[in-house]
Amino acid sequence: MRRLTLIAVPYLWLIALFLIPFAIVLKISLSDVALARPPYMPQLDITGGWVAIREFFAALDFENFWFLTTDDLYWKAYLSSLQIALLSTVLTLLVGYPIAYAMARAAPEWRPTLLMLVILPFWTSFLIRVYAWMGILSNEGLLNQFLLWLGVISEPLTILNTNTAVYIGIVYTYLPFMILPIYSALERMDDSLLEAAEDLGCSRLSAFWLVTIPLSKNGIIAGCFLVFIPTIGEFVIPSLLGGSETLMIGKVLWEEFFSNRDWPVASAVAVILLLILVIPIILFQRNEQKQREAEG
Amino acid sequence: MTQCAFAPWNDPEEKPLIQFRNVSKRFGDFTAIDDLTQDIFEKEFFALLGPSGCGKTTMMRMLAGFDAPTEGQILIAGQDMARVPPNKRAVNMMFQSYALFPHLTVWDNIAFGLKREGKDSETINARVDEMLRLTRLAKFAKRKPHQISGGQRQRVALARSLAKAPKLLLLDEPLGALDKKLRQDTQFELMDIQEKTGTTFVIVTHDQEEAMTVASRVAVMDEGRIVQVATPDQIYEAPNSVYVADFIGDVNIISGRAKTQGDKVAVLWAEAQPDILGTTSKSFSDGQEIHFAIRPEKVGISPDEPADAQNKIQGKVLDIAYLGNISTYHVELPTGHIIKAQTANTRRIARRQITWEDPVWLSWTDTAGVLLER
Numbered sequence: 001m002r003r004l005t006l007i008a009v010p011y012l013w014l015i016a017l018f019l020i021p022f023a024i025v026l027k028i029s030l031s032d033v034a035l036a037r038p039p040y041m042p043q044l045d046i047t048g049g050w051v052a053i054r055e056f057f058a059a060l061d062f063e064n065f066w067f068l069t070t071d072d073l074y075w076k077a078y079l080s081s082l083q084i085a086l087l088s089t090v091l092t093l094l095v096g097y098p099i100a101y102a103m104a105r106a107a108p109e110w111r112p113t114l115l116m117l118v119i120l121p122f123w124t125s126f127l128i129r130v131y132a133w134m135g136i137l138s139n140e141g142l143l144n145q146f147l148l149w150l151g152v153i154s155e156p157l158t159i160l161n162t163n164t165a166v167y168i169g170i171v172y173t174y175l176p177f178m179i180l181p182i183y184s185a186l187e188r189m190d191d192s193l194l195e196a197a198e199d200l201g202c203s204r205l206s207a208f209w210l211v212t213i214p215l216s217k218n219g220i221i222a223g224c225f226l227v228f229i230p231t232i233g234e235f236v237i238p239s240l241l242g243g244s245e246t247l248m249i250g251k252v253l254w255e256e257f258f259s260n261r262d263w264p265v266a267s268a269v270a271v272i273l274l275l276i277l278v279i280p281i282i283l284f285q286r287n288e289q290k291q292r293e294a295e296g
Numbered sequence: 001m002t003q004c005a006f007a008p009w010n011d012p013e014e015k016p017l018i019q020f021r022n023v024s025k026r027f028g029d030f031t032a033i034d035d036l037t038q039d040i041f042e043k044e045f046f047a048l049l050g051p052s053g054c055g056k057t058t059m060m061r062m063l064a065g066f067d068a069p070t071e072g073q074i075l076i077a078g079q080d081m082a083r084v085p086p087n088k089r090a091v092n093m094m095f096q097s098y099a100l101f102p103h104l105t106v107w108d109n110i111a112f113g114l115k116r117e118g119k120d121s122e123t124i125n126a127r128v129d130e131m132l133r134l135t136r137l138a139k140f141a142k143r144k145p146h147q148i149s150g151g152q153r154q155r156v157a158l159a160r161s162l163a164k165a166p167k168l169l170l171l172d173e174p175l176g177a178l179d180k181k182l183r184q185d186t187q188f189e190l191m192d193i194q195e196k197t198g199t200t201f202v203i204v205t206h207d208q209e210e211a212m213t214v215a216s217r218v219a220v221m222d223e224g225r226i227v228q229v230a231t232p233d234q235i236y237e238a239p240n241s242v243y244v245a246d247f248i249g250d251v252n253i254i255s256g257r258a259k260t261q262g263d264k265v266a267v268l269w270a271e272a273q274p275d276i277l278g279t280t281s282k283s284f285s286d287g288q289e290i291h292f293a294i295r296p297e298k299v300g301i302s303p304d305e306p307a308d309a310q311n312k313i314q315g316k317v318l319d320i321a322y323l324g325n326i327s328t329y330h331v332e333l334p335t336g337h338i339i340k341a342q343t344a345n346t347r348r349i350a351r352r353q354i355t356w357e358d359p360v361w362l363s364w365t366d367t368a369g370v371l372l373e374r
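Protein sequences appear in the order of chains A and B.
Quick note: the first sequence uses the UniProt record's numbering, first residue 1, plus one each step.
Quick note: the second sequence uses the UniProt record's numbering, first residue 1, plus one each step.
These are calculated hints, taken from the structure and not from any lab test.
Among the hints, erroneous ones may be present.
[What the hints assert, rightly or not] The calculated PhoX-like cross-link candidates involving lysine-lysine, where the alpha carbons are at most 25 Å apart (straight line), are:
#1 A:LYS290 to B:LYS142
#2 B:LYS167 to B:LYS119
#3 A:LYS290 to B:LYS144
#4 A:LYS217 to B:LYS167
Owing to the predicted nature of the structure, the values given are computational and were not obtained by experimental measurement.
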């Protein structure tokens, strides 16, 4: 009985905070937009009895999902989000791996400090940090001033409100999610493995490719998913740092909800986004599972 | 003792495979190896024995190329190794932790070094299969290291380091992680493999029994120096110092002053006690400090005074350690010294003549012990 209660707690948690909200969103996505409050119909009226419930279900349809296929804005936004997420995951990996590697190779007494420095940005508001990037990247911003002062450029670069700014923002924001799993994989690695590889005829570089990279593979995979999954739905960074040409599904979703007040279409967008994300999330879980099994 | 015994170190014509020439290694203020000169010959099974921190692992790491000597030269097959990185040496190492690649199967672990040499796949297959047979691992070829037992892992590590047929194989505490029974079996296996492959083995260990079992020569190390290099029997029977005598096996040490008596040397060690007579090839001046070392099994113990022993002392049994095959008697002398005497339990324990608090006679011949200066 006690065991059942223990198991029930996380399930109740998931049902209350995940399944029920999802059911509500799914229901809205099947509704029609209405000039009302809330701005959709039909509304479920249980007091009306069996007939009312039947009418309620009869009024639900897939019209909004159909609508998403008629306007190429949506699939372009999905595609563009995937592309931005993919590219920024690769960029984050390229930036994060050397940092994680350097941290894992640092003297043991330095590691907690370095770890702290990676986590430190989380202590300030994410929004403020993105605003700070606006200050850095704008035409009169710190970066341009610095480059002008150096004489590298003669007139300011336009970075803010371009996709470049979005990539910078995403890489910056999600870097710790990449560093931490890779670092934890590298830190566990036994140094004598590298010596063994060298002893068996590897150069330093080939030992890195043949031993270090494969042994940090799970960290790399975990880090990539931790960056890729939230980046697809990201909307704060593209709306603040991106320009008009930055097309991301998160931004579209936000506009449907708050500018157009078309909750049903917005919900349909959200449901599709969730379905897209289910695949990498399942893959991520499977990777974690495999890793646990490998560690026995 | 056979006449054709393997002893290249006694042959002045023989060229050593490894030469340490005045090698020193310092880590900051700490001197790990102190001006060490030593030759190791081909096909030897050379054991470096010493307590932790004596520099034995540093010696091995310098041979593998992971550490460079601060001073001096290391030559392998006549070639100075100073600028040769680990991956360019015909030396392979079996690591204490085994350092098996966890992401590769047993087969791939063994093939790792061969693949780096760029051999064709047929040669690699044949060699890996040969190694798997040699170490009796064929059944486990497809398993990952975490799916096999400690003893099997140890054999994979050995197979992997032997696969490239190195001139020299270094073994860093290879059996440390195994339990005693398995360790003993593996020691003989190691010797067997060493004979079959004809590879020179250098083994680092802190286990004297292991060193004695496997090695053709044992080097006893202390604080960055080699105190004595000799065959296991010489190390045991003729240690050159109290340190070596004490480190290898059990020993009784009695210190005193030397006095020459004809071709023998007497040790004056206590008032009102007969001097201990010993033979030695070394010369001692009268009054010089001298240490007499004798192994417990060379000390006779009897309830009655033995008639014809060169050395005999009376004492009282303080303790008896019964080990099954042998018993060790701790005998207290009137001077307070405690001497250990060991006898084989050839009779059943009920027939034992000596028990606690018994007055007994200890005796030994004048050649049973060794006389040491330090």
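How the hints compare with the structure:
Simply put, LYS290 (chain A) and LYS142 (chain B) have alpha-carbon atoms about 18 Å apart, close enough for the 25 Å limit, and the pair holds. Restraint check for LYS167 (chain B) and LYS119 (chain B): the C-alpha separation of about 18 Å stays at or below 25 Å, so the hint holds. Pair hint LYS290 (chain A) plus LYS144 (chain B) holds up; C-alpha atoms about 14 Å apart against a cutoff of 25 Å. Taking the CA atoms of LYS217 (chain A) and LYS167 (chain B), the gap is near 35 Å; set against the 25 Å cutoff, the hint is violated.
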